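**Q** Take the given structure of chain E and dock chain V to it, following the hints.
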Amino acid sequence: MEPEQPSPDTEHESLHEEPHLPPPTLWPIGFAIGIVVVLVGLVINPELISSIGAAIAIVFGVLWARDATAELRGESLVVEPERRQMKEAGDGMTAPPADQQGVALPPVDPSTVTRSRFLEGATLGLGGVIGGLITVPVAGFALLPSFLGQKQHKVDLGPLSSFPLNKWFITTFIVDPAEGEVSRRTAFIRNNGVVSTTDPKTKQTTQQPSFTIISNHCAHLGCPVQANGPTSDILKQPIVVEHTANGRVELNPVVPAGYGCPCHGGQYDTEGNRTAGPPVRALDRFDFEVDNGRLILLSTYSVSHVVGTGAQAKIHKYQESGPGEHLDGPEQWFYPLQPPHH
Amino acid sequence: MATTYRRTPTKAELRRQRMEELINFPLDWVEERSGLVGGVRYFLFRNVPSDINWMQTLGSAALTAFLVQAITGVILAMYYDPSASTDPHTGKPVAWESIVNITDHLTMGWLVRGMHKWGASVFIILMFLHMGRVFLFGAYKYPRELNWIIGVLILVMGMMEGFTGYLLPWDQTAYWASVVGINLNGTAPFLGPWLAQFLRGGQEISGETLTRFYSLHMLVIPGAIIALITLHLYLVIRLGVTSPPWSKDAAGMEPEEAEADGRRAGLTRPVPRPAGASAMQAEPGGRE
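Residue numbers (the numbering used here), protein chains in the order written: chain E, 1 to 342; chain V, 1 to 288.
Since no wrong hints were added, every one of them can be taken at face value.
EDC-like cross-link-like pairs, simulated, lysine to aspartate or glutamate; straight-line CA separation at most 16 Å:
no.	chain 1	residue 1	chain 2	residue 2
1	E	151	V	208
2	E	151	V	204
3	E	154	E	289
4	E	154	V	204
5	V	92	E	179
6	V	92	E	181
7	E	317	E	287
Some chain V residues close to chain E (C-beta under 10 Å, calculated; not the full set):
no.	residue
8	93
9	190
10	193
11	197
12	199
13	202
14	203
Covered by chain E, according to a simulated footprint, are these stretches of chain V (three or more residues, beta-carbon under 8 Å):
no.	segment
15	81-91
16	176-188
17	204-218
If you're looking for bench data, these hints aren't it; they were derived computationally from the structure.
This structure is a prediction, so every number in the text was calculated from the model and none was measured.
Where is the CB? At the ideal position from N, CA and C, for every residue including glycine.
Chain E on its own, in the form it takes in the complex (with noise of 0.2 Å):
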């Protein structure tokens, strides 16, 4: 189908004819506060507050639809002049003339900030801004609660007397009884007895358990090592089982000749201490307390190697690492910040 032409006349009268946009009015801010207090209203008082932006809103509407109707019922209208100088368009002005009559805009000065530029700066500021305010809670959301607010679980294994002297037992718990399952650790833990030490300070003696306690995260890559040794089916004991704050616990007696890996082959002595295959050091440990005659474990910290044997060894100790991850040596300088424990 022909597109409509315009007639003539109309387009005679559509060039000649002052464009049909209503004057500039300040009312629609006064009706945009009327709803903003309505909507605050709604959640404070309701009866009072909304009432009082209604009476805005409405007000204010009225005199709006009044502006902008004012053509309409035939009121004059009160244009605002152009108040910027015009300049003639002469020699070394880079804007053609408007018309035949040679009026034209004056050329702008690059470092004049114009209402476009102006216009652009505010959308690239304001969408940065918006766009900062979105993603800092949502990138902390994200990343920060791997670091911050690591709870240290203490773990009940039950009274001291479930430990006899000098015997190793792959003692299973749950680390955090709300999480269930999931958390549940293994440790190879032996008594070795009470063993006096003296503070070099104070010159006191005092007598304190001694445990040794090695998690089962093969010091490679995590996987769990496995004791070199029978266990109660072939030792004829049987394995303990209490309940205590933590759930579950399973004491299952065993008489180890080290640890080994069933992933990569990794090995290691009954005292934790590489002895073949991949694992860059020796495996960790629990820290413990005794709380009223009961075994207490605390977080875990890595070890380097150990020398000697029970109470007596004398244990290289550093921060708890990941798998992996070299403690001593050069190779240490490539981790050099650990994220947070606790």
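**A** Chain V in isolation, oriented as in the chain E frame:
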């Protein structure tokens, strides 16, 4: 536009004409408002070298494999439950039980899960074959270096899909493979320990590890892959398909004499039609 006849059209011709108008109407409606029909036509009927071969369909095959993963994955997500907690009735983890339910009890669940599981390997294998083709044909050279880089990113994302998806069945294999995989990441110098702790969602692997792997596996990484595939295809369309290395066609030259008589018309090029036809018959590019 209606075909003009020199004689009065027969009833059959009129019926055919009405049918054509009926089919073209919705297409023209969409084309007029979006230009999409012309765009799709441009994509499907763009010029490609005359001597391309089947090796150059490996990219489309990899794309198809990804679409299979996306569709089967969406359906599996309707039945899978990423919870590490223990079902009090059975004493088994909820996530593992929901996988058993999909495999053993839901109608055709075994099929959809099998498609997703084996399709994962197919996707990776096809990406590698496609990569080999691009390498051996020298198709990564100027001006297509950027598309090689994007392709490598898609491959890495595909591997990450494999890694995160492997944990979801929540059985012994899944658990220990993820322990080893995360700790392997942890041995990377400097930021490795931080990366590992982020992947675990804490110091120890836990139920949070499962939920975050699930979110990464079905939302974050697939979104990134879709965005990268879009870029990849855009560059393929913009830069065109390369000839094989043994091609006798001069690079970048259009055999004009062959085009003139329509000899190349066929699957990859429309049969020339009279001008002024509807959108479906317009030349590639649609609008002039």
